[in-house]
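Each chain, written out:
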Amino acid sequence: MKVNSGCKPDKGKKPPMTGKVKKHLSKYGIVYLFLVPVMVQFIIFYLIPIVFSFVLTFTDWSIVGTPKFNGLSNWKRLFNDTIAWKSIKNTVMFSVYYIVPTMALGLFLAVMIFSQKKKVGTFFKGIFFLPVVTSFVVISGIWKWIFMGSEQGIINQIFTFLGLNTQLFLASSKQALLVLASLSVFKVVGSTMIYYFAGLNGISEEVYEAAKIDGAGKWRIFSRITFPLLTPIHFYVAIVTTIGSFQIFDSAFLLTNGGPNFSTNTIVFYMYKQGFSSLRFGYASVLAYVLFVIILLLSLIQKKVIKEELD
Amino acid sequence: MENKKTSVISIVLLTVLAILFLTPFGIMIIGSMIKMKIPVGNPFTWIQKDLSLFNFNFIIKNSEYLTWIKNSLVITIIPTALQMFFALVLGYIFSKKQFKGRDFIFWIMMAVIMVPSQILIIPRYIMFNKIGWINSYIPLILPRIWDIMGVFFVKQFMLQLPKELEEAAYIDGANDFHILFGIMMPLSKSVIATVGTFAFISCWNDLLTPLIFTTSKEMYPITVGLASLLTKEGNFGIEMAGAVFSFVPTFFMFLFFQKYFTRGIAFTGIK
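As you go down the protein sequences, you meet chains A and B in turn. Letter 105 of the first sequence, counting from 1, is numbered 117 in our numbering, and no numbers are missing. Letter 65 of the second sequence, counting from 1, is numbered 1402 in our numbering, and no numbers are missing.
None of these hints come from the bench; they were simulated from the model. Since the structure is predicted, the reported quantities are computational estimates derived from the model, not experimental observations. Careful: at least some of the hints might be erroneous.
[Unchecked claim] Partial chain B-side listing against chain A, Cβ under 10 Å, derived:
| id | residue |
| --- | --- |
| 1 | Ile1348 |
| 2 | Asn1394 |
| 3 | Ile1397 |
| 4 | Lys1398 |
| 5 | Asn1399 |
| 6 | Leu1517 |
[What the hints assert, rightly or not] Below 25 Å or equal to it, Euclidean Cα-Cα: the simulated PhoX-like pairs (lysine-lysine) are:
| id | chain 1 | residue 1 | chain 2 | residue 2 |
| --- | --- | --- | --- | --- |
| 7 | B | Lys1434 | A | Lys35 |
| 8 | B | Lys1398 | B | Lys1596 |
| 9 | B | Lys1492 | A | Lys319 |
| 10 | B | Lys1374 | B | Lys1342 |
| 11 | A | Lys129 | B | Lys1434 |
Glycine included, each C-beta is placed from N, C-alpha and C at the ideal position.
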C-alpha cells in the first residue's frame, strides 16, 4: 500500500503537471499529430519491406504454400543463371546506348535555348519537356507503330519510299535494345535539358565578358569555359540518368516482352517475370537486391562527388 | 552581325528538332481520329481522310475505359492532395520545430531514396495479399500519402524564411496551426504546387505498381488498361485513341503548371 501511494499523483502538484502537459502539447502537438502517424506508415511500408525483402532472398516462397528457408541457394542460383547475367548485361548496354545521347542532346538544347530571348526559349523548352510528363505507356504505344519491324511500320514505310532496306527494329535481337534506348532518350532528354539550363544560369556573365575581351570565339568559349564549368552538372546528370536507366521496365514490358531472344530482358523486367509469372519470390528478391546494390553504389559515388564539390 | 547569324542558325535547328519531337504526338492525335487498323502510307495524307471520333466511341463502348479513367483519378488525386498536405506539415516540422531525434528521423527517411522502389514491391505484395487488399485502392494510395522529396523541398524553402515571422506570431499568441496555415502556407504556395504537379504525374503515369496490385479489369488504372490494349488489340487507330485518353490530363497539367515542373526539376529531378 505504501509503495503504491508513492506512485499516486500528488494532489498538490497536479495543476502544474497538467499545465506542463498542456504546454508541451501546444508546442509539440503538431509533431504527435502528423509526424508520428507518418513514421508508423514509414516503418510499415518502407523499413519492414526492406528487411523482409532481404529475408526473402533466403527462402523458397511462392504465394501458395508455406515459405521454406533454403539458405544461400537463391544466391547460388544467380551465379549459374545465364539469363540473369544477360539481363544485367542488357541493362548496362541500355545505359551505354542511352546516357551519352541524352546528355549530349540535353546540353545541346540547353545551350541553343539559352541564347534565345526568354519567351522563345520558354516555348522551345516546353516542346522538349512534353515527353517528360507523358507516360512511358503512351510513348511506347506510339513507338510500337513507328518502329514496327514489318513493312507496316511507319519508319519502314518511309524507308521503302526512299528505296532503303526495311529493318526489323523491335523484332531484331540486335536492334530492339537500341529502339528502347531511343524511346528513353526522347522521354528523358527534356529533364536533362532543364538541369543544364539551370547550370548555364549559374555561370556569371563576367566570365564570358572576360573571354570575349580576350578575343575568344564561340566554340572556344564553349569548350574552354562553359563545358568545364558545367562539370558538377555533368556529374549529377550522369548519375541521375544512370540510376533511372537501371530501373528500365515499362518499355521492355510493353514493346518486346523481354525478347527477341532475351535481348531486352532487363533486371527489373526479369525480376517481374521471376516474381509474378514464375512466382519465385525468393529469387526475384535476389534480383531486386542486385539492383539495389548497383543503385546504392551509384548514389554513394554521387554523394561523395557532390560533397567534394561543396568543399 | 555574327551574333544575328548564329541566332538564326540556332532557331532553325531548334525548330527542326521541335518538329521531330512533336511528330510522335502528331501521329498519335491524327491516328486516333482515323479508322485504320494499320497505318498505311504517308501520315500527311491521313489528314485528308475523314477524321472521326469512331475510335473513341469504340473504346468507350467496348472496354472499361471510363472505369479505368475513374480509377486513375482516384489513385492520383487522393495521393496528390495528401502529398501536398504532408509536404507542407512535415516541411514545417523538420524546419521549424526543435526536438530530439528530428534530424535523425529526417535523414533515415532521406536515405530510403537510395532504395529502388522495385525492392519494396514483392514484400508489399505478400503483405497486401495476406490482408486481402489486392484489387483495392489501398495499396495504390496508402504507401504514397507522403513523399520525402516533397518534404525536403518544402523544408529547404522554409529554412530560408526569416525566423521573425513565426516569433512575432508566437508572441501574439498564435499556435503552430495558425502559423502553419495562416503564414507559412500562403508563402509556400508555389513550392506546394510544384510538389503537387510531380505527385500527379508520377501517380498518373505509374505502370509497375498497379500492374502488380490490380488483377481484375475493373480495378485497372488507365496505364494498365492501355497496356492491355497495346499488347492485345493490334489496331492502330484504337490504340492511339486509348493513348490520347491517357495523355490529355498530363498534357493539361503540363500546360498550366510548366513553370512548376521546370522549377522542381532543377531542384530535385524526375525518374
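Quick rundown of the hints versus the structure:
Among the interface hints, the one on Ile1348/B holds; its C-beta lies about 7 Å from the nearest C-beta in chain A, closer than the 10 Å criterion. At a threshold of 10 Å, the smallest CB-CB gap from Asn1394/B to chain A is about 19 Å, leaving the interface hint violated. For the restraint placing Ile1397/B at the interface with chain A, the shortest Cβ-Cβ distance is roughly 18 Å, beyond the 10 Å limit, so the hint is violated. At a threshold of 10 Å, the smallest CB-CB gap from Lys1398/B to chain A is about 20 Å, leaving the interface hint violated.
With a least beta-carbon distance of about 17 Å to chain A, the hint placing Asn1399/B at the interface is violated under the 10 Å criterion. The beta carbon of Leu1517/B comes within 7 Å of a beta carbon in chain A, closer than 10 Å, and the hint placing it at the interface holds. For the suggested pair Lys1434/B and Lys35/A, the alpha carbons sit about 14 Å apart, so the restraint of at most 25 Å is met. Simply put, Lys1398/B and Lys1596/B have alpha-carbon atoms about 38 Å apart, too far for the 25 Å limit, and the pair is violated.
With a CA separation close to 20 Å, the supplied pair Lys1492/B and Lys319/A stays within the 25 Å bound. As the CA atoms of Lys1374/B and Lys1342/B are separated by approximately 47 Å, the hinted pair breaks the 25 Å bound. A C-alpha spacing of about 44 Å is found between Lys129/A and Lys1434/B, which places the hinted pair above 25 Å, so the restraint is violated.
Figure legend: structure checked against the earlier numbered hints; hints not met, in rising order: 2, 3, 4, 5, 8, 10, 11.
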